[in-house]
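Chemist: Protein sequence lines, in the order shown, are assigned to chains A and B. Count the first sequence with numbering that gives the first Met the number 0 and you get residues 0 to 280, in order. Count the second sequence with numbering that gives the first Met the number 0 and you get residues 0 to 154, in order.
Hints are not guaranteed to be accurate.
[Unchecked claim] Below, simulated EDC-like cross-link-like pairs (lysine to aspartate or glutamate); rule was C-alpha separation at most 20 angstroms, straight line: (1) A:K202 <-> B:D34; (2) A:K93 <-> A:E179; (3) A:K182 <-> B:D113; (4) A:K93 <-> A:E141; (5) B:K107 <-> B:D34; (6) A:K202 <-> B:D95; (7) A:K86 <-> A:D171; (8) A:K59 <-> A:E179; (9) B:K33 <-> B:D49; (10) A:K182 <-> A:D66; (11) A:K43 <-> A:E179; (12) A:K43 <-> A:E201; (13) B:K107 <-> A:E201; (14) A:K182 <-> B:D34; (15) A:K39 <-> A:E201; (16) A:K182 <-> A:D101; (17) B:K135 <-> A:D244; (18) A:K202 <-> B:E112; (19) A:K122 <-> A:D211; (20) A:K144 <-> A:D244; (21) B:K107 <-> B:D72.
[To be verified] Only part of the chain A face toward chain B is listed, based on derived beta-carbon distances under 7 angstroms: (22) R167; (23) R169; (24) I170; (25) R180; (26) K182; (27) Q183; (28) H186; (29) G190; (30) Q191; (31) L192; (32) D193; (33) H200; (34) G247.
[To be verified] Every beta carbon over 10 angstroms from chain A, so not counted as near; a handful from chain B, in silico: (35) P24; (36) V32; (37) A41; (38) T44; (39) P50; (40) N64.
Keep in mind the hints are simulated off the structure, nothing from the lab. Quick reminder that beta carbons are idealized off the backbone N, C-alpha and C, glycines included.
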Amino acid sequence: MSPRLALCAIVLLAIVGGAVAIAWGRSGPERPHWEGHGIKPPDKDFPLPEIVSGYWFRTKETQAIQDDDFNNPGFFAVEQGEELWSKPDGAAGKSCASCHQDAATSMKGVGAAMPKWREALHKPVNLEQQINICRTERMQAEPWKFGSAELTAMTTYVRFQSRGMPVRVRIDGPMAPWFERGKQLYHTRNGQLDLACASCHEKNYGRNLRADFLSQGQSNGFPVYRLRDQRLVPLHERMEGCIFDVRGIPYAPLSDEFLALELYLAWRGTGLPVETPAVRN
Amino acid sequence: MKALGCVVGLAAAVVSPAASQAAPPLPPFSVVVKDGVATIPAPLTSEPGDPKAGATVVVDRQLGNCLSCHEIDVLRGEEFHGDVGPPLNGVAKRWDTATLRMIVVNPKKVFGEDTVMPAFYRVDGLNRVRPEFVGKPILTAQQVEDVVAFLAALK
C-alpha cells in the first residue's frame, strides 16, 4: 500500500472527535476542514479526544505539495540523505551502508519508534543523536552539528523509511520518568506571554491565533519542509520557535528537556502515520 | 451577593517572583473584590485613557495583539482576527470598567488560573522570560488605560 493510500485508509477509519464546537468560518472562509480526519486515541484517559495530523490543518494547496513526491521540496533532503548513506566518512573508512546495508530494510520502522532507550547511555536518544553516535563511535567521524544540512538530511532519509507507518514509542520502564518530564514541560507556561504548549495545541487547536490556524502540534511529519523558510526544519528547531514566540527562553536543541518533550509529543501522536518529509507553511 | 468592597492586596505582593528572574515590582495598585469578582476601580495613571491610542495597542502585534485571540468588529479594517477567546463586541455591556481593567492587567484574577489570556501588566510569577522582557510588563500602565478606554466604548 502506498503511503498516500495508507493515509486515506486512516481517514476512512477516522472518527469525528470531541465536542469541540467551533464557530465555523468566523475568521474567513479559507479555514481547512480538519474535522473528521482524526484517529482514535489508544485509551479513554488520552489528553485529546481525537489525534489529528498537522497535515489536515494546512490548506489544500499545502497538502497538495506534500502529496506529490515530485513536487514536494522535502525530497531534496531525502535524496541528499541517500547519497550520504553510502558515502564513507571518518577514520574507520565506513559509511552507514557498511553496517546497515539497505536503509529501506534496515531502517524501516526505526523512525516511527524514536526516541528510544539506549541502555549503554542510560538515557533515550532521538534520531539525530543516534546518527551522531554511529558517526562518532562506529565511524570515528565528526558529529554533524544540529541544524546542519547533513544531519537534517540524514534524519529525513532515515525517518522517510517509516513513511506511512504508525508512530509508536515506548513510555514504560526506564522511559517512564522521561515521559513524565515531557508531560510536565508540555503543561508548563513559558515566557512573558505565559503560555504552555497545551495552551495552544491542546486547548485551542482548530482555532485561529491571528493568521495562524492552530494544529495539535504533532510531530509525525518531522523534519518538515517549511514553505516560509524554504528548507527542512527539525523538530527541536520548531519547538525552539514556539517557545521564542511567547517571549520565552527556549531549551537547547538536543537537550534533555527537548528530548523529553519529543518523547511526549510522539506519544500524543500515537498511531499517526509518519509523513516525513511533510510540508507546512 | 452583597458587595464586599475589600481591598485584597497590592499587585506587587500577590506572587513571589521566580527566584532566577527577580524583577523590581510594578508600582502598586489596589485590587477590590466586588460581588466575588476582582476589579481595579482606580485608573493606573493620572492621564485618562485614550480609546484611539487603545485601538492601536489592540492591533499592534508587538503590544496588545488582542486580535490574535479576539474578533472585534469595529476593527474589521484589520486582517486576521483570531478566535481563541470570545469576540469582544459589546464587551462593555458584560463587564464594568473596573473589571475590564482587571481583565487586562491580570485575567487570571477574573477567569481563573487556567485561562490562556496573558496578563498584560504583570512581571512576577513568570517562567523562562527572555532577558529583554524580564521586569517589563507587556503593556505600560498608560497603554493599559488606553486599552480599557477602547474596551469601555464597545457597547
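Chemist: The structure should be examined with respect to each hint, and the outcome stated for every one.
Modeler: These are the hints, each one checked on the structure:
1. A:K202 <-> B:D34: Not satisfied, since the Cα-Cα distance of roughly 29 angstroms exceeds 20 angstroms.
2. A:K93 <-> A:E179: Given pair A:K93, A:E179 is violated - Cα atoms ~38 angstroms apart, limit 20 angstroms.
3. A:K182 <-> B:D113: holds (17 angstroms)
4. A:K93 <-> A:E141: holds (13 angstroms)
5. B:K107 <-> B:D34: holds (17 angstroms)
6. A:K202 <-> B:D95: Violated, at about 28 angstroms.
7. A:K86 <-> A:D171: Violated - the C-alpha atoms of A:D171 and A:K86 are around 37 angstroms apart, more than 20 angstroms.
8. A:K59 <-> A:E179: Violated, at roughly 36 angstroms.
9. B:K33 <-> B:D49: This hinted pair is violated, its Cα atoms lying about 26 angstroms apart.
10. A:K182 <-> A:D66: At roughly 32 angstroms apart (the allowed maximum being 20 angstroms), A:D66 and A:K182 break the hint.
11. A:K43 <-> A:E179: Distance of about 18 angstroms is within 20 angstroms: holds.
12. A:K43 <-> A:E201: Judged against 20 angstroms, a Cα distance of about 16 angstroms means the pair holds.
13. B:K107 <-> A:E201: OK: B:K107 and A:E201 at ~19 angstroms, within 20 angstroms.
14. A:K182 <-> B:D34: Answer violated: A:K182 to B:D34 is near 37 angstroms, above 20 angstroms.
15. A:K39 <-> A:E201: holds (16 angstroms)
16. A:K182 <-> A:D101: Roughly 36 angstroms separates the two Cα atoms, so the pair is violated.
17. B:K135 <-> A:D244: Holds, because 16 angstroms separates the two Cα atoms, which is no more than 20 angstroms.
18. A:K202 <-> B:E112: With Cα atoms ~14 angstroms apart, A:K202 and B:E112 stay inside 20 angstroms; holds.
19. A:K122 <-> A:D211: Not OK: A:K122 and A:D211 at ~36 angstroms, beyond 20 angstroms, violated.
20. A:K144 <-> A:D244: violated (24 angstroms)
21. B:K107 <-> B:D72: Answer violated: B:K107 to B:D72 is near 25 angstroms, above 20 angstroms.
22. R167: violated (30 angstroms)
23. R169: At 29 angstroms from the nearest chain B Cβ, A:R169 fails the 7 angstroms test, so the hint is violated.
24. I170: violated (25 angstroms)
25. R180: violated (15 angstroms)
26. K182: Status violated, d = 16 angstroms.
27. Q183: violated (12 angstroms)
28. H186: Violated - the Cβ of A:H186 stays beyond 7 angstroms from chain B, reaching only about 11 angstroms at its closest.
29. G190: This interface hint holds because 6 angstroms falls under the 7 angstroms limit.
30. Q191: holds (4 angstroms)
31. L192: Holds, because the Cβ-Cβ distance from A:L192 to chain B comes to roughly 5 angstroms (cut-off 7 angstroms).
32. D193: holds (5 angstroms)
33. H200: This interface hint is violated because 11 angstroms lies over the 7 angstroms limit.
34. G247: holds (5 angstroms)
35. P24: Its Cβ never comes within 10 angstroms of chain A, the nearest being 16 angstroms, so this holds.
36. V32: At about 22 angstroms from chain A, B:V32 clears the 10 angstroms cut-off, so the statement holds.
37. A41: Check passes; 25 angstroms lies beyond 10 angstroms.
38. T44: holds (21 angstroms)
39. P50: holds (22 angstroms)
40. N64: violated (7 angstroms)
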